[in-house]
Amino acid sequence: MREPQPAMQFVDLRQQHDVAQLGMWVFLATEVLFFGGLILAYSAYRIGYSAGFAQAAARTEILIGAINTAVLLTSSFLVAWAVLVARMGEGRIAALLLWGAAALGIAFLALKGIEYGIEYKEHLVPGLNFDVVGGQAHATHLFFAFYFVATGLHAVHVAVGIVVLVVIGMRARQGAYSDRYHAPITVAGLYWHFVDVVWIFLFALIYLPGRSS
Amino acid sequence: MRRWYPPRILLLSWAGLLGLLALTIFGAYQPLGAFNTGLALAIATGKALIVVAIFMELRERNALTIAFASAGFFWLAILLWLALADFVTRPNFPSSPPLI
Numbered sequence: 001m002r003e004p005q006p007a008m009q010f011v012d013l014r015q016q017h018d019v020a021q022l023g024m025w026v027f028l029a030t031e032v033l034f035f036g037g038l039i040l041a042y043s044a045y046r047i048g049y050s051a052g053f054a055q056a057a058a059r060t061e062i063l064i065g066a067i068n069t070a071v072l073l074t075s076s077f078l079v080a081w082a083v084l085v086a087r088m089g090e091g092r093i094a095a096l097l098l099w100g101a102a103a104l105g106i107a108f109l110a111l112k113g114i115e116y117g118i119e120y121k122e123h124l125v126p127g128l129n130f131d132v133v134g135g136q137a138h139a140t141h142l143f144f145a146f147y148f149v150a151t152g153l154h155a156v157h158v159a160v161g162i163v164v165l166v167v168i169g170m171r172a173r174q175g176a177y178s179d180r181y182h183a184p185i186t187v188a189g190l191y192w193h194f195v196d197v198v199w200i201f202l203f204a205l206i207y208l209p210g211r212s213s
Numbered sequence: 214m215r216r217w218y219p220p221r222i223l224l225l226s227w228a229g230l231l232g233l234l235a236l237t238i239f240g241a242y243q244p245l246g247a248f249n250t251g252l253a254l255a256i257a258t259g260k261a262l263i264v265v266a267i268f269m270e271l272r273e274r275n276a277l278t279i280a281f282a283s284a285g286f287f288w289l290a291i292l293l294w295l296a297l298a299d300f301v302t303r304p305n306f307p308s309s310p311p312l313i
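From first to last, the protein sequence lines are chains A and B.
This note's numbering numbers the first residue of the first sequence as 1 and each following residue consecutively.
This note's numbering numbers the first residue of the second sequence as 214 and each following residue consecutively.
It should be emphasised that the hints constitute simulated quantities derived from the structure, not laboratory data.
All values derive from a computational prediction rather than experimental measurement.
Errors might be hidden in some of the hints.
[To be verified] Reference listing, derived: stretches of chain B covered by chain A, where coverage requires no fewer than 3 residues with Cβ under 8 Å from a Cβ of chain A:
1) 251-258
2) 261-269
3) 277-284
By construction, the Cβ of each residue, glycine as well, lies at the ideal position given by its N, Cα and C atoms.
With the sequences and hints as input, model every part of the structure.
This is the structure in structure tokens:
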């Protein structure tokens with residue numbers, strides 16, 4: 001494998017690596033605000049319709065949500081491990097770990113699909129077949145509109161992340177990364193962990209309210 | 214000792230995250246009133262900090278990177294604070310009856 005060289009605008013690989021990390025964090029800051037807008041809307045309506053939101057949230061599939069949270073947390077662990085292993089020059093093991101994380105990502109999306117199916121059967125999909133009657137119908141409608149937009153956008157991020165992990169895994173397997181050159185795998189890992197962080201908050205906001213009453 | 218074994222801190226973080234997940238689900242079923250939401254968000258923040266500090270290795274990064282990473286959350290705090298200051302202080306929200 002050819003010794004990696006820094007791009008012409010950088011003094012050395014270390015500086016290039018620092019800049020790549022900084023750039024990823026800037027992108028993630030925009031992502032924080034992207035999901036933040038959704039969370040603001042959720043918070044405002046939850047304040048306005050607290051009883052209705054609690055009742056609606058209790059209708060979500062907490063078992064699937066909990067398994068999916070564990071799946072994403074585990075995939076994040078595998079990616080963090082893969083980044084360390086790749087730096088040691090163990091590209092083949094790093095590739096296996098990354099592909100394992102991607103497989104967990106696919107499992108996450110499959111479970112999400114099953115969950116959407118259940119919600120469709122229960123007539124909880126706004127704009128498609130929403131049919132809830134009673135005093136909390138309006139709040140339930142608002143809650144599930146948030147639910148599908150937020151989890152749908154999150155699922156798109158997971159899907160992008162799966163592709164990134166598979167491609168970076170292929171590069172790692174070819175021995176592209178080492179202690180000197182590992183910016184792509186590190187930055188890809190940052191993205192995947194961020195998707196995990198978003199889910200941690202979505203889980204708390206979507207699945208947990210209204211369980212104790 | 215094979216060199217690709219996961220470091221102890223990663224294993225501990227993973228176990229800690231799964232433990233916090235179990236704790237937050239347990240907490241959600243306890244009748245704590247308004248504290249249910251606070252507990253859920255506090256545990257979520259704890260989980261996020263573990264991921265950010267250890268998995269994303271922010272604790273090993275330089276001050277500039279930490280400042281950039283914090284910036285997103287700082288602006289998020291402004292967004293939530295200014296907007297929710299309105300909603301939490303309205304005596305009557307929503308002000309009109311729902312349309313459905």
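**Report entry** 8 Å C-beta criterion, at least three residues: is the region 251-258 of chain B covered by chain A
**Finding:** Holds: 4 residues of the region 251-258 of chain B have a Cβ under 8 Å from chain A.
Query raised in the report: Has the region 261-269 of chain B got at least three residues whose CB is nearer than 8 Å to a CB belonging to chain A?
Result: Three-residue rule met by the region 261-269 of chain B, so holds; n is 6.
Query - chain A over the region 277-284 of chain B, status - at least 3 residues with CB closer than 8 Å - result: holds (count 5)
Violation of the numbered hints given earlier is absent; every hint is satisfied by the structure.
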